[in-house]
Amino acid sequence: MRPFRIIFLYLLVTAFLFKACTSAQKETDAERTKAKYGIIVFAGEEEDEEYLLTTDSLSGGFLKIRPDAEKIYSLVSAYGNGYFYGIDDGKPKFTRYIPTDKGLITDVEIPFHQVAWNAYESWYNWIDDNTILLGSSMDGHRFTYSIIDVKSMKIVKSGDLDIPQPADDQHFGGVLGVYRDNRLFVGYTHHTGWQSKKPSSDTTFLAVIEYPSMKTLKIETDTRSTSPGGLYLHATYSMQENGDIYFLAAPGERTHRHHSAKTALYRIRKGTETLDKEYFFEIGDADKEGYMLYPLGEGKALIKMIERKKVKQYMDYLGRGVADYYLLDIHAQTKTKLDLPADVLGFTENVLVDNGMAYIGVTEKKNESYVWEYNTKTGSLKKGLKVEGKALIIKKL
926 MRPFRIIFLY LLVTAFLFKA CTSAQKETDA ERTKAKYGII VFAGEEEDEE
976 YLLTTDSLSG GFLKIRPDAE KIYSLVSAYG NGYFYGIDDG KPKFTRYIPT
1026 DKGLITDVEI PFHQVAWNAY ESWYNWIDDN TILLGSSMDG HRFTYSIIDV
1076 KSMKIVKSGD LDIPQPADDQ HFGGVLGVYR DNRLFVGYTH HTGWQSKKPS
1126 SDTTFLAVIE YPSMKTLKIE TDTRSTSPGG LYLHATYSMQ ENGDIYFLAA
1176 PGERTHRHHS AKTALYRIRK GTETLDKEYF FEIGDADKEG YMLYPLGEGK
1226 ALIKMIERKK VKQYMDYLGR GVADYYLLDI HAQTKTKLDL PADVLGFTEN
1276 VLVDNGMAYI GVTEKKNESY VWEYNTKTGS LKKGLKVEGK ALIIKKL
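In terms of the numbering used here, the sequence shown opens at residue 926 and continues consecutively.
Just so you know, these hints were derived from the structure itself, not from any lab.
There may be inaccurate statements among the hints.
Stated by the list, open to error - Straight line, CA to CA, 27 Å or less: simulated DSS-like cross-link-like pairs of lysine-lysine:
| no. | residue 1 | residue 2 |
| --- | --- | --- |
| 1 | K1225 | K1291 |
| 2 | K959 | K1320 |
| 3 | K1016 | K1079 |
| 4 | K1123 | K1082 |
| 5 | K1123 | K1225 |
| 6 | K1076 | K1321 |
| 7 | K1079 | K1140 |
| 8 | K989 | K1027 |
| 9 | K961 | K1307 |
| 10 | K959 | K1076 |
| 11 | K1234 | K1260 |
| 12 | K961 | K1308 |
| 13 | K1187 | K1262 |
| 14 | K1235 | K1018 |
| 15 | K1213 | K1262 |
| 16 | K1195 | K1302 |
| 17 | K1225 | K1187 |
| 18 | K1016 | K961 |
| 19 | K1202 | K1260 |
| 20 | K1235 | K1290 |
| 21 | K1076 | K1016 |
| 22 | K1234 | K1291 |
| 23 | K1082 | K1016 |
| 24 | K1079 | K996 |
| 25 | K1082 | K1018 |
| 26 | K1225 | K1321 |
| 27 | K1235 | K1307 |
| 28 | K996 | K1311 |
| 29 | K1225 | K1307 |
| 30 | K1320 | K1291 |
| 31 | K1213 | K1195 |
| 32 | K1234 | K1290 |
| 33 | K1302 | K1260 |
| 34 | K1321 | K1291 |
| 35 | K1262 | K1291 |
| 36 | K989 | K1311 |
| 37 | K1320 | K1225 |
| 38 | K1225 | K1262 |
| 39 | K989 | K1320 |
| 40 | K1027 | K1291 |
Only a predicted model underlies this, so the values are computations on that prediction, with no experimental measurement involved.
Assemble the whole structure, with the sequences as input and the hints as a guide.
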């Protein structure tokens, strides 16, 4: 075959494939939801079915799961640039999803088997608009990381963090990962293992890691509280305000209750890489323990507080309404209980702040939640949208 014919056929095939890909992309994009908000819920008899529901308003009405709704099979956490991102441990794969009114449609997926990762005691950080950093303690055995370019959908880098292992009978616990100014701050403690009856150690560890080399620069210790961060990828345990980092230390029975340490906030000042010795906001006490930290802006945040007398057995944390919402003033170091129904604990991102309004998804009974509106300026509360299922994640699309 003559060379010009080979070139012609090559260009023809390339043009055809490009057109086919472009047409498929246009078809997929046409299904993208025009709704303003997306709510991921747990539903079903065992509350183990996961769906994305879309709506234009969180202020009222009843949002039901559509009969033709697509189930979600991967662990979805991050949202950005119009896409959701999730990890399917069973495959394993990392997937970028397009939100539609029927649910999440796979846009691009990449193999994830070469990356060591576990959903428990893990976290994610947005490094920039196109980069996600995933971190995991691998069930407390070692710290791993992976850096993913979500625009090109490629794993840029992955490996282990050079954080010293605890003693042979100990595991990493906590845990926390916060990114700021080319530094990753990893908080953790040591404990004797998953659901151990022994309390965690008396120490909060804070590793300062350079990005993108991922080299550990130093590790600081502090004994004012312990168990920084938390358990699950969905939850938020930190916030940044005017360049300062605030993060939660949360001793509790759910994750190795400590005999004397209290739920509290630590601070890392802007321009520093060490714990602020002059700041320690004690939130809990002998009767209350706290979980999750939801920033509201202007020095305010929400936290879930649990009275220990409400918890008779371990599963009460997840199956009963035992958690109350408190408003924190991180500067005045005060807390105020909000007049909201008690919620299940749930390690979730069920709080969204949009245009001065905080939308709080509260599971009030099995397979039923309400989105409450909290006006961050006036402090007023109003019951809003009713949602079928347990509100897990609320995002502005």
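> For this structure, which hints from the list above don't hold up?
Replying inline: Checked against the structure, the hints that fail are numbers 1, 4, 5, 14, 18, 31, while the rest are satisfied.
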